[in-house]
Amino acid sequence: MNVEGPPAAPPPKALEGVKVAEFAVFAAGPMVGKHLGEHGATVVRVESRTRPDGFRVHYPPYKDNIPGLNRTGTFAIFNDSKLGITLNLKHPEGVGIAKRLVAWADVLIENFVPGVMARNGLSYEAVREINPSIIYLSSCNMGQTGPKASQRGFGSQLTSQSGFTYLTGEPDGEPMLLFGPYIDFVAVGFGLVAVLAALDDRRRTGRGQHIDLSQYETGLQFLAPALLDHEVNGRIMSRMGNRSPEAAPHGAYPCRGQDRWCAIAVCTEEEWRNCCRAAGHPEWAEDARFASGAARRAHADELDALIGAWTSRLTPEETMETLQAVGVRAGMVNRLSDLFADPQLGHRRIWRELPHAELERFHYIAPPYILSETPAELRPSPLLGEHNGYVYRKILGLPDREVERLIANGVIE
Amino acid sequence: MAGENRSLDDRVGLLAPYRVLDLTDNSGWLCGRILGDLGADVVKIEPPGGDPGRRGGPFYRDDPDPAKSLAWFAYNANKRGITLALDTGPGQRLLRRLAQRADFLIESSPPGYLDARNLGYRALREANLRLVFTSITPFGQSGPYAHYRASDLIAMAMSGFMSLVGEPGRPPLRVSLPQAAMWTGMHAAAGTLIAHHYREATGRGQHVDVSIQASVLWALANAPANWSLLREDLHRGGSRIVGRSMTGARMRAIYRCRDGHINFIFYGGEAGKRSNEAMVQWMAELNEAPEWLRQKDWGAFNVASSGQEEIDQLERPFVEFLSRRTKAEFAAESLKRGILGYPVADVRDIRDDPQLEARDFWQPVKHPELDATITYPGAFARFSAPACRIARRAPGIGEHNDEIYGMELGLSDDELQTLRQGGIV
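Same order as they appear, the protein sequences are chains E and S. Mapped onto the working numbering, the consecutive letters of the first sequence carry residue numbers 1 to 413. Mapped onto the working numbering, the consecutive letters of the second sequence carry residue numbers 1001 to 1425.
Don't read these hints as lab results, they were simulated from the structure. It is possible that part of the hints are untrue.
[To be verified] Below, in silico cross-link-like pairs of lysine to aspartate or glutamate (EDC-like), each with a Cα-Cα straight-line distance of 20 Å or less:
#: 1; chain 1: S; residue 1: LYS1296; chain 2: S; residue 2: GLU1277
#: 2; chain 1: E; residue 1: LYS19; chain 2: E; residue 2: GLU377
#: 3; chain 1: S; residue 1: LYS1296; chain 2: S; residue 2: GLU1309
#: 4; chain 1: S; residue 1: LYS1068; chain 2: E; residue 2: GLU231
#: 5; chain 1: E; residue 1: LYS99; chain 2: E; residue 2: GLU402
#: 6; chain 1: S; residue 1: LYS1327; chain 2: S; residue 2: ASP1259
#: 7; chain 1: E; residue 1: LYS19; chain 2: S; residue 2: GLU1200
#: 8; chain 1: E; residue 1: LYS63; chain 2: E; residue 2: GLU353
#: 9; chain 1: S; residue 1: LYS1336; chain 2: S; residue 2: GLU1277
#: 10; chain 1: E; residue 1: LYS13; chain 2: S; residue 2: GLU1200
#: 11; chain 1: S; residue 1: LYS1327; chain 2: S; residue 2: GLU1288
#: 12; chain 1: S; residue 1: LYS1366; chain 2: E; residue 2: GLU231
#: 13; chain 1: E; residue 1: LYS90; chain 2: S; residue 2: GLU1270
#: 14; chain 1: S; residue 1: LYS1068; chain 2: E; residue 2: GLU246
#: 15; chain 1: S; residue 1: LYS1068; chain 2: S; residue 2: GLU1288
#: 16; chain 1: S; residue 1: LYS1336; chain 2: S; residue 2: GLU1309
#: 17; chain 1: S; residue 1: LYS1327; chain 2: S; residue 2: ASP1297
#: 18; chain 1: S; residue 1: LYS1336; chain 2: S; residue 2: ASP1352
#: 19; chain 1: E; residue 1: LYS99; chain 2: E; residue 2: ASP400
#: 20; chain 1: E; residue 1: LYS99; chain 2: E; residue 2: GLU125
#: 21; chain 1: E; residue 1: LYS90; chain 2: E; residue 2: GLU404
#: 22; chain 1: S; residue 1: LYS1327; chain 2: E; residue 2: GLU174
#: 23; chain 1: S; residue 1: LYS1327; chain 2: S; residue 2: GLU1357
#: 24; chain 1: E; residue 1: LYS63; chain 2: S; residue 2: GLU1232
#: 25; chain 1: E; residue 1: LYS63; chain 2: S; residue 2: ASP1233
Required output: the full structure, derived from the provided sequences and hints.
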C-alpha cells in the first residue's frame, strides 16, 4: 500500500443478527453452527462440564499428545466462530436458564437421539411455547420417526448403512472405510441449507419450523443415480476401484517417492493423444488396444501398467503439471501435509491459523464458498465455558449476583 | 421480480417467491435441485442439443439416450428446462433479459467464459443489482490452479480424500459413484442462501465463488487437525479406522459376515461402554463370548490410549462371532440391543429398509414420456410445513421454451420461430 488512509471498515457479515442456540455434540450439529457463525451469526454452544462433548474427551489429536478438555483438535475444528457456555441441564434450574436462551434465539440446533431434548424439557413443542417462531433443527441418524428412530449410532458406521462403503474398494476386495463420519458432513450441509431457507420463510411469513433431518436420508441424496439404477434396471451398483465406465486411463498412478500418487482421467480422444505425447509415447496413440475409449477400457490393466511405468519416474507434481499443460485432467493425491502447502487452497485462504489459549495456534477451515461482499471471518473455538460471563450477563442480561448464585449452585458448571 | 408471471400458481415451499437460473453442468446440478426442492422456481438452461451431462450413465433401461440419463433425472427434478445458445448475440441478450427478472443465477463454466460473452457477474450486476450469482468451478475463480481441468477423480484426489481411503500399499481410492459434485452442489446451495440472506437485508446481491476441491475437504472430517497440531500425515487404513488412538493403533470396523459385511466398532466413552456390553451380552446368549471378554471392564477401556496388540486381541472374538451372522440379523439385533453399528448396505438393502418405508421416504414420480412411474429417493429433510418434495420430474430438452420465452418473456410465435431457426433455442 502506498497511500496511508484511515483503516478500512471491516466487511459486513451476511448473517449478522441471526441468533443461534446450539444443544449439540460431536460433528453433525455443531458444524451447522460453525458455518452460521463464520458468516456472522451469534452462535451459543451449550456444553456440560460433567458430561463434556466426546470430542473434548476421547478423540485425538491432542496438543503435544497430552489429553485435556481444551487440547483436542477434533473439538476445535468443528467449533470455531461460536461462543461457548456451560450449563447443567440435569440441575432443576438448568432448564429454566436454557429456556431464556431459547427465547433469545432465532435458531435452535440439536443432534441428540430423539427423546433426549424432551427429557431435558426442551422438545420442539416445549420450545415453541416460549418462542413460537423458532427454527428448530433436529438432526439424528435415522430421523425423528420410524422403527429405528431411537437407534444410537455414529456417522462412521451410518456411512456404511447409507451405501458409501459398499461402493468403495477394489471389485474383488473388501469394502473400504471412508475416513471418519463422512455422512455427518453431508447432513451438515443439508441442515445448513434447511435452516437458511426456513429463516427466509420466517422473515416473510413469521412462521417457525421444526426440521426433522435424518442423516441417513441426506446421505441417500448423494447416491440417487445408483438408487434409480436399481429401481429401473434392477442393478446393484458395486465398487470398481478407481475405474470409470466412461474414461480410460482413469486411476491413481504411482509416482516417485514413498506412497506418492497422481490421479489421471482421460475423457476424450483428443485428451488421449495429448496424454501420449506428453508422456513421450506418441506410439501409444497408434496402438490398436488403445484406439478408442471402449478399447482402452477393455485393456485397462495393460494401459494402467504403461501409464504407471511412466508416472513412476516423475513426482506427483511433475505428472500433474505435465498433463495439465496439455489439457489432460490430472491431480496429485494430496496428503494432509500437501493440503497445507497447496497453492490453490492457500490462495483461497482455506486454512485460518488462529491463536488459541491451549492449542497455541490451530488451523481452522474456511468454507468452500467465497462471498465477494461478505467474506467469512473465523474466530477460535471456545474453551469449555469460555464465554459464560458474556453470554449470561450480556446476552441473557442476568445480574452479576444471579450468575454467581447459579455458579455456586452448579447450574452454570 | 421473480414473483411475476408464475406459470404454476400452486407452487408452495420455503423459497417459493424466488426464480433461479441454472446454467450448471453436472458439477453443479444438485445446487439447483436443492433450491427447487425448497420451492424455488428453477429454470435449467441447456445449450441447444442438451446438457452434455445427459450423456453420462446409468440410463433408463440401459438405453444411452440423453433424454434417459438417470443422473439427469435425479439432479434436475424440480426444474423447468429451456435451451439457449450463449455463443450467439441473440442468446446473450435473452440471458440478460432473463437475469433481470431472476433472484439467483448458478453457473459452472470455466473462469472467464461468461465474462468473455459479457454475461459474467459484473455485466449482469449492471442489469440486476440484487442478483446472487453463484459460480462453481474445480478450483475457484482465481488462483494458480484456476484454469486446471478436473473431474470427479481429480477433485477427490486433490481434496485429500483419496489419501485416506484404500488398503495400505495399494492405490488410494475414490468412491465408485461420483461424489465431488454432490459435495459441491450442496455447499453451493448453502453459500447461495447465505448471500440471499444478506441480499434480502440490504438489497445487494453478490458473487459466490465455489471450489469443488474445497467442497470435498469436509469429507476428511477432523483429519486436517492431525497436521495442524502434530505435523502428522495420516495414512489410509483400508477396513480399519485410523486416527483414533495416540499410539497409532488401527481398529477394525469392517467385519465379514455370512452374506456381506458389517460395520461395527468397539468404542470408548459412555456410548461405547453401553454398546460393547450389549454386544458381548448377545454373544454370551449364543455361547460365543469367551470368558475373558465377558469379564472385560469396558468402563476402563480407552480407545485413544490403546495399543495395537490390545486392539487386535479384542477384535478376534468379534471377527468370529460376526462371521456367523447375516446383515439382517445384525441390523435387527443392533437396533434391539443398542449396539453401535450398521450393515454395509448395498442399494437393495437400502431400498428394503423398513425405516425408510415407515418414514415414507420414497417418492413415486410420473414420467409420462416413458409411460412409467419411477420411485425416487425423497426429500432431504422434513419441515413442519410446507413439504419439501419432488413436484416435477426433470425436464426434457427445451421442454419449457414456449412457456418461458413465450408466456413469460412475451416473445411472439414469430420471434420464437426465428430463434429456433437460428439455432438460438
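Results for each hint:
no. : hint                  : in the structure
1   : S:LYS1296 - S:GLU1277 : 9 Å, holds
2   : E:LYS19 - E:GLU377    : 17 Å, holds
3   : S:LYS1296 - S:GLU1309 : 16 Å, holds
4   : S:LYS1068 - E:GLU231  : 14 Å, holds
5   : E:LYS99 - E:GLU402    : 16 Å, holds
6   : S:LYS1327 - S:ASP1259 : 7 Å, holds
7   : E:LYS19 - S:GLU1200   : 17 Å, holds
8   : E:LYS63 - E:GLU353    : 15 Å, holds
9   : S:LYS1336 - S:GLU1277 : 13 Å, holds
10  : E:LYS13 - S:GLU1200   : 13 Å, holds
11  : S:LYS1327 - S:GLU1288 : 18 Å, holds
12  : S:LYS1366 - E:GLU231  : 14 Å, holds
13  : E:LYS90 - S:GLU1270   : 17 Å, holds
14  : S:LYS1068 - E:GLU246  : 16 Å, holds
15  : S:LYS1068 - S:GLU1288 : 51 Å, violated
16  : S:LYS1336 - S:GLU1309 : 31 Å, violated
17  : S:LYS1327 - S:ASP1297 : 28 Å, violated
18  : S:LYS1336 - S:ASP1352 : 18 Å, holds
19  : E:LYS99 - E:ASP400    : 19 Å, holds
20  : E:LYS99 - E:GLU125    : 12 Å, holds
21  : E:LYS90 - E:GLU404    : 19 Å, holds
22  : S:LYS1327 - E:GLU174  : 15 Å, holds
23  : S:LYS1327 - S:GLU1357 : 18 Å, holds
24  : E:LYS63 - S:GLU1232   : 12 Å, holds
25  : E:LYS63 - S:ASP1233   : 15 Å, holds
Checked against the numbered hints above, the structure violates hints 15, 16, 17; every other hint is satisfied.
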